[in-house]
Amino acid sequence: MLVLPQPRGEISEAILAALARSVHPLAAPSPAVPIDPLSDEDLQLALYCCYELHYRGLPGVADEWEWEPSLLALRRDLEACFEAALTAAVPRPPPPGGPDQMDLALRAVADADDAPSVARYVERHATVEQLLELVAHRSAYQLKEADPHSWALPRLHGPPKAAIVQIQTDEYGNGDPARIHAQLFADAMDELGLDARYGAYVDHLPGSTLATVNLMSLLGLHRRWRGALVGHLALFEMESSVPNRRYASGLRRLGYGERATAFFDEHVTADAVHESIAAVDLAGGLARQQPALTGDILWGAATLVALDGRAARQMLEAWEDGASSLRIALPAGRGATPSSAPS
Amino acid sequence: MDEARITSYRDGPLLVRGPFRLEDQDGTAIDAGRDTIALCRCGKSRTRPFCDGTHRLVRFRAPSGAESRHAG
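In the order they appear, the protein sequences are chains A and B. Quick note: the first sequence uses the working numbering, first residue 260, plus one each step. Quick note: the second sequence uses the working numbering, first residue 954, plus one each step.
Watch out, some of these pointers could steer you wrong.
[Stated by the list, open to error] Output of the computed footprint for chain B on chain A, the stretches with three or more beta carbons under 8 Å from beta carbons of chain B: (1) 496–508; (2) 523–532.
[What the hints assert, rightly or not] Label pairs and their calculated CB-CB ranges: (3) A:Arg-379 x B:Arg-1022: 38 to 48 Å; (4) B:Arg-1014 x A:Leu-331: 47 to 57 Å; (5) A:Gly-434 x B:Arg-1012: 33 to 43 Å; (6) B:Gln-978 x A:Pro-413: 42 to 52 Å; (7) B:Phe-1013 x A:Pro-288: 48 to 58 Å; (8) B:Ala-957 x A:Thr-428: 40 to 50 Å.
What the hints contain is simulated information worked out from the structure, not anything from laboratory work. Using N, Cα and C, we set each Cβ at its ideal position, and we do this for glycine too.
Bound-form chain A, shown alone (with noise of 0.2 Å):
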């Protein structure tokens, strides 16, 4: 990130007033109940500056702020208002006959999920604006790809920790930091012609796809939502290999070639083995050795879906429209020409 992002309400100001300075008990106003709290912009971008304080921190913002009391009482206030937002709007799936029934019931929260694909458009319709306009969106988790997951690792044992581990490991390239995921997307962007610098677009970015990159920030802090993360997680692999081919077709389709879509590409591949093993062994394993974690297991994947699907909704709405997704649009002509056009 290069500067800190422009507040969006009193929160959010509040918040990122303090932070520019020297840690200091924090005198921010208590938050009040936004309408909608999933996409609420002061409520998210509050929790997403909050979280990133734990990930690689804010630009200028001293170290400390992130174990500073005030701060995380704050953060706890804006995280009960999200979680009770997230509880009333994602029921609790049908628990599995048994824990060797998991992948079923993944895959029932997977199928249940009616809302439109943002993958398939990509790949029959997008235009190169509509194309890194996803890729902007994106760009919010995947320049970190895996980290919130990786929260889970020491409060795993035994099976389901050696099955996140592996699919951890593929994720963070095997060893060699030009095949991390995070990488690949970083490539993709700068092949594209976008801003790949950690953070560049969080002004851009709505709520709403704010809220998909804090839902996995707040499962992975929280030791308590163990279950809950390891299920989004498990959906997260399970879901991955056909849009990401669509989003390469999509790719292609423009004119793009092999630097732009090989993020994708390793997806596809890499995920197909990904799902079985967090369906299974990760999710499955989990309830096995924890059976009272199965409930929350399931509405891990749940969450993933609810706002996966407000997000795409409000994505595809903007196009339908003809309007920008995002709420400031790209530059114009920003990498509209792919280098590697067909003539």
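Use these hints to put chain B onto chain A, whose structure you have.
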């Protein structure tokens, strides 16, 4: 791991873990590019012999264990 382990996943691919060599019918090696691979079991993948997740789209159904010869 001393030997390859092949796991058949319900309604999904065959996962191969451990030391293995993948080759075509002429014995030419097929580069898997990774240590654990998923082999297509539904027949509909566009990246055969590897799985590309298409089994979900075609609603491929198969048990994890062996099918009985006299079933159905």
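Status of each hint after checking the structure:
1. 496–508: holds (count 5)
2. 523–532: Coverage by chain B holds for the region 523–532 of chain A (6 residues, Cβ < 8 Å).
3. A:Arg-379 x B:Arg-1022: 38 to 48 Å: holds, 40 Å
4. B:Arg-1014 x A:Leu-331: 47 to 57 Å: holds, 49 Å
5. A:Gly-434 x B:Arg-1012: 33 to 43 Å: Distance hint for Gly-434 (chain A), Arg-1012 (chain B) holds at roughly 37 Å.
6. B:Gln-978 x A:Pro-413: 42 to 52 Å: Roughly 47 Å apart at Cβ, these two residues keep to the hinted range, so it holds.
7. B:Phe-1013 x A:Pro-288: 48 to 58 Å: holds, 54 Å
8. B:Ala-957 x A:Thr-428: 40 to 50 Å: violated, 19 Å
The earlier numbered hint that this structure contradicts is number 8, and it is the only one.
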